[in-house]
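Novice: Protein chains in written order, with this note's numbering: chain A, 1 to 391; chain B, 1 to 315.
Don't read these hints as lab results, they were simulated from the structure. Among the hints, erroneous ones may be present.
Stated by the list, open to error - Here chain A is said to cover these stretches of chain B; the calculated rule only asks that three of the stretch's residues, wherever they fall, bring their Cβ under 8 Å from a Cβ of chain A:
(1) 22 to 36
(2) 100 to 109
(3) 117 to 123
(4) 299 to 308
Computed from a predicted model, the values in this text were never measured in an experiment. Positions of the beta carbon are idealized from the N, C-alpha and C atoms, including for glycine.
Here are the chains, one letter per residue:
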Amino acid sequence: MKHPKAILRDMTPALGKPGAPGRWRRVHADSPVQLQSDDWSDATWSFLYKDDTSYVTSSAGPSFRGPEAESREEGEARSPSVPDDVTVVQGPMMKPAVWTWEVPLYFWFGGIAAGSSFVGLACDLTGDPGSARVARALAVATALPCPLLLIMDLGRPARFLNMLRIFKPRSPMSMGAWCLVTFSTVGAAAVGADLLGADRAGRGLGALNALVGGYLGSYTGVLLASTAVPVWARSHLFLGPIFVATATATGASACRLALVATGRRPGDTTREALGRVEAGAMTVELLLSQLNGARLKHLAEPLESGASGRWIQAAKWLVRAGVALRVLRRPAGSRAHHLASASYLAAGLCFRYGWVRAGRVSARDDEAVARMARDRAAQGDQASVVEVTQH
Amino acid sequence: MTEVAIRGAEDVQRMGFFTDTTTCIGCKACEVACKQWNDLPADGGELRAGGSYDHTGSLGASTWRHVRFVEVLTQPEVHEPEEVDLLAVASGGMTLDRWVFMSDVCKHCTNAGCLDACPTGALIRTEFETVIVQPDVCNGCGYCIPSCPFGVIDRAPDDGRAAKCTLCYDRLEDGLEPACAKACPTDSIQFGPREELIVRAQERVATLHERGIEGAYLYGDQDTMAGGLGAFFLLTEAPERYGLPAAADSPIQQQVGPATGAAVGAGLAAAGAVAWAFAMKRDTPHSPVLAGIMVAGIVTDAVAGALRRRRRGDA
């Protein structure tokens with residue numbers, strides 16, 4: 001039985017059936033909807049300007065222009081471009097990323113996995129299949145926590161599969177998700193082939209995974225570089241190489257420790273080669289960072305001071321300690337070299353945390369955001385003076 | 001009268017907002033109307049950081065329209081010591097010269113950074129050429145947030161999904177104008193087809209110039225600003241006063257190509273370098289040359305870093 005008041009009130013929906021969502025197509029073609037205005041008159045009529053300006057009233061015709069209105073070109077010529085004198089910034093200008101500890105930890109694990117896949121390929125090429133198998137297993141083992149960390153960082157973790165809903169080459173996040181899936185699948189297949197004794201299949205899949213790993217280790221830098229955050233955006237040519245160098249170093253360190261744990265003796269050629277790779281890659285990483293810092297000038301501040309700068313500084317000291325331990329290895333014995341590998345691993349983690357935190361600091365730096373935009377507006381002219389006021 | 005009411009996907013125009021800051025009185029009716037229509041929670045009444053009277057913060061996941069208060073302070077010219085204004089002294093010697101309001105909103109860019117970044121396809125462009133988040137698809141990865149050069153889109157901590165202005169997509173579909181434009185008592189917010197709004201806005205700029213407001217200009221009507229903003233503004237101060245960048249574009253469209261090139265190149269170089277280091281196997285394992293190169297690299301890094309820190313300390 002109907003509620004008595006329901007009779008008094010017309011509950012017929014404007015579109016579709018009662019209780020169903022409104023449909024896009026009209027039920028009857030061209031039928032107007034309740035409350036629909038034909039001419040957006042609310043937006044055109046104004047009691048303030050009706051008689052005073054060339055704002056149009058509903059009688060002024062279809063062009064929305066008054067009789068003595070300027071042409072668009074005339075109006076453009078009259079309206080000055082964005083003023084470009086000394087500027088006062090009243091933030092906030094943009095929003096920092098909301099990512100928490102999971103993301104830099106994922107970068108670290110993903111980097112180790114990518115570096116291990118490089119090592120696996122190199123071991124195969126130089127005729128050390130035993131070490132190649134260890135490296136491939138390590139690549140899969142370190143790739144396993146990655147999806148978990150990424151899912152933990154989502155605002156809606158239950159919807160993690162939506163990441164694979166589309167394939168979007170221009171979004172590094174989409175490409176990274178697909179890359180991680182490919183890497184884990186191919187890596188697991190390679191390890192499976194190794195376990196089954198199919199050596200050729202294992203080698204082939206391992207080589208393929210080194211190719212995929214090249215993107216896995218570098219796209220994280222591209223991901224950060226393709227944002228509006230000044231310190232990341234301005235580093236866009238260096239972030240990928242820096243992240244690849246860290247990935248190579250941490251991967252080599254992890255492989256070296258894994259080989260030691262599986263009983264490789266000191267003086268083993270692969271162990272020695274890995275020692276060269278880890279220290280060399282970390283040195284390259286430091287030099288690339290320094291070059292990038294020199295290019296960034298004042299924008300490099302979050303990388304050098306404050307909480308994020310402390311992470312980077314800690315990483316640099318760990319690298320220095322590692323190189324010192326390696327150089328002094330002969331008197332201290334191979335245990336010192338294991339310590340050096342561990343310190344490179346820790347340094348890689350500190351670099352990742354430092355870079356992610358630096359982005360948060362940089363996005364909150366209203367002056368940096370404003371100046372980056374000004375420089376883009378000036379297109380390489382003399383950088384304009386930008387000052388930040390408390391207001 | 002031009003028939004601009006929406007009849008179907010075939011003949012819709014690009015819809016947008018023209019926000020005229022010279023007529024905004026800071027009543028925040030648009031904010032309230034937006035929250036009411038879109039069922040958004042209140043944010044609490046905290047004054048914006050930096051000493052502004054603005055008590056509704058900034059654009060975010062639960063604030064899709066935000067009336068920004070822009071206090072323009074000046075140093076007063078004091079001739080006699082007795083004339084010192086105690087209130088001015090209390091606020092650091094500055095007095096309020098102009099108080100400007102601006103109703104900020106998602107710009108619905110042509111080159112939308114959030115749209116380029118979204119890995120799930122939750123962010124889409126509608127038939128009105130506006131940009132919206134599909135709440136049933138978004139998984140809250142948060143990549144759109146640093147990708148927006150205007151700091152518009154945000155993730156609600158309690159909801160976990162990204163959210164921003166939809167230009168009242170649900171109202172547009174039924175031929176109604178967006179809630180904020182409907183509520184605006186001074187027509188500071190005007191809604192309509194973008195092309196028509198631009199013509200109207202340019203006329204308004206001309207009128208203001210005639211009346212002596214020479215600093216009035218349009219922000220976002222040109223294609224150089226992120227390909228043209230669906231929601232553009234008439235401003236009278238420098239854009240940074242309103243928290244707007246002087247130039248903007250989709251960061252992905254600007255940077256992803258060169259960044260990927262550099263990264264992939266580095267990846268290939270790294271794989272090659274690893275193979276090379278392995279090929280050196282038969283050389284002496286304790287090469288003093290290699291150790292020397294590494295130590296030289298570390299020292300170079302340390303010295304360069306110290307120099308830069310010192311130079312910055314001087315400056």
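Novice: Now tell me, hint by hint, if it's right for this structure.
Specialist: Okay, the hints, checked on the actual structure:
Counting residues of the stretch 22 to 36 of chain B whose CB falls under 8 Å from any CB of chain A gives 1; the rule of at least 3 is not met. As drawn, the stretch 100 to 109 of chain B meets chain A at 0 residues by the rule of a beta-carbon pair under 8 Å; below three, the given contact is violated. Counting residues of the stretch 117 to 123 of chain B whose CB lies closer than 8 Å to any CB of chain A gives 6, which reaches the minimum of 3, so the coverage claim holds. Figure legend: the stretch 299 to 308 of chain B, annotated as covered by chain A; annotation consistent (6 residues with Cβ-Cβ distances under 8 Å, at least 3 required).
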